[in-house]
Each structure stands twice: as structure tokens, then as C-alpha cells.
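Protein chains: 2
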Amino acid sequence: MRLKRTASAETPESAPAGVRDERKQRTRKALLDAALILLDGERSFSSLSLREVAKVAGVVPAAFYRHFTGMDELGMSLVDDSFHTLHQMMRGARSAPLPPANLVARSVETFLLYAQAHRLHFQFIAKERVSGSSSVRLAIRKELRLWTSELATDLAPFPKLKGFNGDDLRMMAGLVVNAMMGATELILDADINDAAELARIHQLAQKQLMLIFLGAAQWKSKPAQ
Amino acid sequence: MRLKRTASAETPESAPAGVRDERKQRTRKALLDAALILLDGERSFSSLSLREVAKVAGVVPAAFYRHFTGMDELGMSLVDDSFHTLHQMMRGARSAPLPPANLVARSVETFLLYAQAHRLHFQFIAKERVSGSSSVRLAIRKELRLWTSELATDLAPFPKLKGFNGDDLRMMAGLVVNAMMGATELILDADINDAAELARIHQLAQKQLMLIFLGAAQWKSKPAQ
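Quick note, the sequences are listed as chains A and B, same order. Be aware that the first sequence starts at 1, since it is given in my numbering, and climbs by one per residue. Be aware that the second sequence starts at 1001, since it is given in my numbering, and climbs by one per residue.
No lab work stands behind these hints, which were simulated from the structure alone. Because the structure is a prediction, the values reported are computed rather than measured. Glycine residues also receive a C-beta, built at the ideal position from the N, C-alpha and C atoms. There's no promise every hint is true.
Computed list of lysine to any residue pairs in SDA-like fashion (alpha-carbon distance at most 25 Å, straight line) [claimed, not checked]: (1) B/Lys1029 - B/Val1059; (2) A/Lys162 - A/Ser221; (3) B/Lys1142 - A/Arg119; (4) B/Lys1055 - A/Arg43; (5) A/Lys29 - A/Gln206; (6) A/Lys29 - A/Ser47; (7) B/Lys1220 - A/Lys55; (8) A/Lys220 - B/Ser1133; (9) A/Lys55 - B/Lys1142; (10) A/Lys162 - B/Gln1203.
Stretch by stretch, here's where chain A covers chain B in the computed footprint (C-beta under 8 Å, at least three residues) [stated by the list, open to error]: (11) 1019-1029; (12) 1038-1050; (13) 1132-1146; (14) 1166-1174; (15) 1212-1219.
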């Protein structure tokens, strides 16, 4: 049974609108968090049932439908939330006046600390990017392509990258995104209390990005035919 | 119930030894193939039951135990098989006299055609690398590290890479492996009949590797402290 999301279905309580809105947001967040918590192990998103997500969130299944039409829509919201925070971080990194000398090292550091702080979201992306339900997987792929394009746009003004055409800048950005996701997977598998291992992963990722940028400074895109 | 694998449990049929061995190998392969087929969609390995794998393979559950102590051991065999074929391919690539001029492009081509031909195995690796049961996931990670080390050893003799120490060669090899796995994931998601899309992914991966090698030719590892 799928309840249509109507005004009456969404606000069944006889409470003031502000309180209802706040409560509604809280329940919505509880459902999203419940899914992330259930995924923190060997489970994959497509194995989760609406019923167990509702149970972990502490609501009855019918309440689920006041927020999402089904698990697919909840999955999409998780994708949106995961990448929303990523875009925020990238905007933050862009506005910070970084000294170009260690721009790469600092960007890697910022990203990986961010991934560590948003462990469950990144675990969701890492897992469902490959094994998720088709709609969630495609949504993640789309977001990764957007992230790649955004990064390519950020890279375009760098004088050392003036040998690149647009396609090749996206190719390079794709390599960077892949390396960052690879490092994120290592971070997700590491013991969060093992500072030496985390430092090793950070250093590895920094070197990989420096290697990419070294190559990029030598790159000459072929002129369009 | 877990049957101990004993000689009597393994050879219950009153047939000549050669026939029994052949039949046994056939059943073992049928079980491994059944798991791969069940994984060709949204399922993850940890969601598979021994019972359904046996059913798809056309054997009773008790027969399963003549080949594997449980799903974990079957998972390990899938990891072994997947990487066995990969190592074979790398050995093949190493012995082929490739002109260095387009070594990178040809290696990428060989690898991706290979991944396309072994779609189910690579899909298993790509999925379970992140979301698998802990033991399968750790086994895949270990194999990926071995692959990375093997590649680093292969790269060491190249004159252009003489600026690298051992750690940094593995760092570079890790970047290459990541880029190849990234391209493999794109291949797995592509329509196998869409030749233009496959060609686009091949070209993207070739450029990414060329970019890495351009950077590598400039790399200078810091001396050990």
C-alpha cells in the first residue's frame, strides 16, 4: 500500500504548524539515519526493508509514507544528502584562500577529514555506487559525474593546466575523483583509532594527487579534429 | 549442519575415480557459476543463501558441503578464481613483446577487453570489494594489494621510472589499479552492444594512464630519512 503524500496525511497531529514541521523533519531524519545505521556492516541498500527502517527509526510503517513514497525515494534522499555535504565542502575549499604551493596536499587533507567525519554517508556512496539498487546506483553515478564536472570547472583556470581541452580536464578530474574515492574506501576500512594508518592513507592519497598534477602540467590535449 | 569433507563424503558414487573427479569438478564449477549468476543484479554476496546457490546449480544442499565448508569458503574460491585469471592475463601481457611507444594504450586495451570477457568475475570483485561480507572483502583487498605490488615490480625496470623508490612505485601502481577498476565499473554498467560507449571508456582509461605515466616521468621520490 502506498499512501499518497497529501497535506492531511503529512500533518495528522493536532499541533501548531511549527511544532508539526519540526517533528516531521525529526522523523524524516530518523528514517534516513536508520537506513545509514542498518547499512553500517554487510547489508546493502536493496536488502533493507521499509519495515525494519521504520522500526529502527521508532515509527510505524505507515508513518514512513508521510515522508517517502518508498525505499527508492529514501535512497534518493540519501544520495542527495551525501552529495549535498560534498558540494558544500567543495564550495568551502574554493572560498578559502589556500597557498597554491600546497594546494593539493591541503585539498586531500580537507576531503579525507571530511569523509572520516561523514563516515556513514561515504560508506553508503562507496557501497551503493557499485552494488546498489539500479535507481540508487544510477543516481550516485550521476552525482559522481557532476562532481567530476564541477572539479573540472574548478581546475580550468589554473595556468599549469592550460594544455587541457574541456574533455581532457574532465578525464583528469575523473582520475582525481577515483583516487579520492579509493582513499575514502581505505579510510572506511581502517580502524578510526589507528592514527598511523590514517596518516599513511592521507599521505598516499596526497602523493597520488601530486603525481596526477605533475602529469597534468605536461599534458597537451590534441586539437579537435 | 556442516558435513566434514571426508573422502567418503566426497565420492559417494560408485563410479570409476576419473569419472567421479570430473563430475566433482563439474559440480564445483556449477556452484561457483550459480553464485556469480545470482550476483548479476542487485544482490550482494552476503545476501545469498547456500540453499539457493545449490538450487541454481541443480544440486541438493548436502552436495554443496562436498565442495565447500560454507558460503564463506565458496566466496574465497570466487576471489581466488577472479584474481587467478587476472594474474594469468598480466603474465601474458608481460611476455608479449609490446612496442614501448604504445605500451600504455595496449595494456589498457588488453585489460578492459579481458574485464569485458570476464564480466561476472569482475562484477563480483567490484561489488564485494566494498560491500561484501568481511572475509570476502578482506580477501579481495588483499588480492588488490598483491596486484598492486606485482604491477610495481613490473614497472620498476622502466628507465623513465628510475626516480621512484619502492613505496612510491606502489603508490603509483595503486593509482593505476584504481583507474583500471574505475574503468571496469563503467564497462560493467555500459550496454555491451554500445560499441561507441565502450570505445569512449577505453579511450578515457588510456588517457588517464598516459597522464599518470607523464607525471611518473617527472617524479622524484624523497630520499629515506
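Of all the hints given earlier, name the ones this structure violates by number, lowest first.
Going through the list in order, the structure violates hints 5, 7, 8, 9, 11 and respects the others.
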